[in-house]
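Residue numbers (the numbering used here), protein chains in the order written: chain A, 1 to 233; chain B, 1 to 229.
In short, the hints are calculated from the structure, not lab data.
Some hints here could point you the wrong way.
[What the hints assert, rightly or not] Short derived list, chain B residues pointing at chain A, Cβ under 10 angstroms:
1) Ala67
2) Gly96
3) His97
4) Trp113
Here a beta-carbon is modelled for each residue, glycine too, at the ideal position from N, C-alpha and C.
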Amino acid sequence: MKIEAATASVRVAGFYTLFRTELTLAVRRRSDIFNPLLFFVTVLAMMPLGIGPEPEMLARMAAGLIWVMALLATLLSQESLFRGDYEDGSLEQLALQPQPLYFPVLAKALVHWLVTGLPLALLSPLLGMMLNLGEAGYWPLFVSLALGTASLSLIGAVGAALTVALRRPGLLLALIIMPLYVPVLIFGTGTVQAALDGYSYGPQMAILGAILAAAAALAPLAAAGAIRISLEN
Amino acid sequence: MASGPAETASSRSVDLALSARALSCERDGRSLFEGLEFELAPGTALQIEGANGAGKSTLIRTLIGTASDFSGEILWQGKPFPAALPALRASLLYIGHNAGVRRGLTPLENLAWYGASGAAAMAALDAVGLYGFEDVLCQQLSAGQNRRVALARLYLPEAPALWILDEPLAALDVAGVASLEAQMNLHMQGGGCVLLTSHQPVAIAPLAKVNLADFQPCRDASAEWAYAG
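Work out the full structure: start from the sequences and follow the hints.
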């Protein structure tokens, strides 16, 4: 019993070390944080130019546009999730540790969400305003993005792990991951749309939460398996 | 289950840390070596020799369990793979071709990532001649200095018993080589064991050598087979 508690506390301390290291690295590579955000904001700012500035049309499309751009911004930043660690051999070192690979993957996905998904969600009401989104949609948009992008970070980690050994994964990552993003997109936009139409958006939000719970439990396991396969070659 | 004979067997096998019997490895469908035999006892070292592409790195990856395409038997403390792999990894310090130094971190942070305390990490960095560089990002250090950051793990007080090192002397200067050899000798005197590949002679003792060229798969057989067809 005592030993179990001790291993558990070692694991927590280990997870904290992993998390802190990943966060330090993420903060040092600031361009990796700001590029997806800049992409997100720039493309959304271009939307009124492309589809015309009619307020009603923009309002109808706003939630979907913001969600699709959030998807693309997450995808863009996902490719490099394990690449550096694979190239310098630290991924191999992590795989040799006696503790499961689940925790390093979870730490990485968590940091990825903190530096891309969360800022994106925080910015979303501003962009909603720009795209003439109804006021009722701000809060659901923020919460659905915060929950949804966390799922996206976790699911994307599986794709990043699968393609890490390829020198130039290119579109492959997008092709693997995009279909898995679809449920998050549907319920994410569904949340905002329900709120705009004056309905309760609780059910959609609950499903987003359920997707996140499932992703947090399963995606790091799948990614860990994919990393072990990638390291075999 | 843990009866008398089993216990004597395990206590006898303490003098045999890692051994391979009739080991054959394949990579991409090509047989690299066949019938490889070696034994590595605590307090000894083993050098794997072989030309480029002879399969040294594949052998090492097989021994640490990241490549599982082998036939034959690998034993860690008398127990066969893959059941013994977790036990082996628990006492393994592996430095591969890619040293596992994260370039966005400083040497000190790198050692902390491997679980070293601050004081131990400083002492280890001092031992590999990186005193004064502990707070410089590794991406600003030279290849040899990065190699030293990786090797600093060997100087930590809690270093595990089994060292598996792929080309540890690469990119090191003369003084670095001498220091590393001294550290490996110290480790072996303390009962640890070292398995390494190197193209240079290594001044550590007792050192056994295995040349993969002696375990080449028989090429004549396949040639005869081809002619027969």
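TODO: With chain A as the partner, please determine if histidine 97 of chain B meets the hint condition of a C-beta pair closer than 10 angstroms.
DONE: At 7 angstroms from the nearest chain A Cβ, histidine 97 of chain B passes the 10 angstroms test, so the hint holds.
Open item on the list: Hint validation: tryptophan 113 of chain B versus chain A, beta carbon distance must be below 10 angstroms. Holds or violated?
Closed with: holds (5 angstroms)
Open item on the list: Quick check on the hint: alanine 67 of chain B CB to chain A CB, less than 10 angstroms?
Closed with: At 6 angstroms from the nearest chain A Cβ, alanine 67 of chain B passes the 10 angstroms test, so the hint holds.
Open item on the list: For the restraint on glycine 96 of chain B, tell me whether the closest CB of chain A is nearer than 10 angstroms.
Closed with: holds (5 angstroms)
When each numbered hint is compared with the structure, no violation occurs for any of them.
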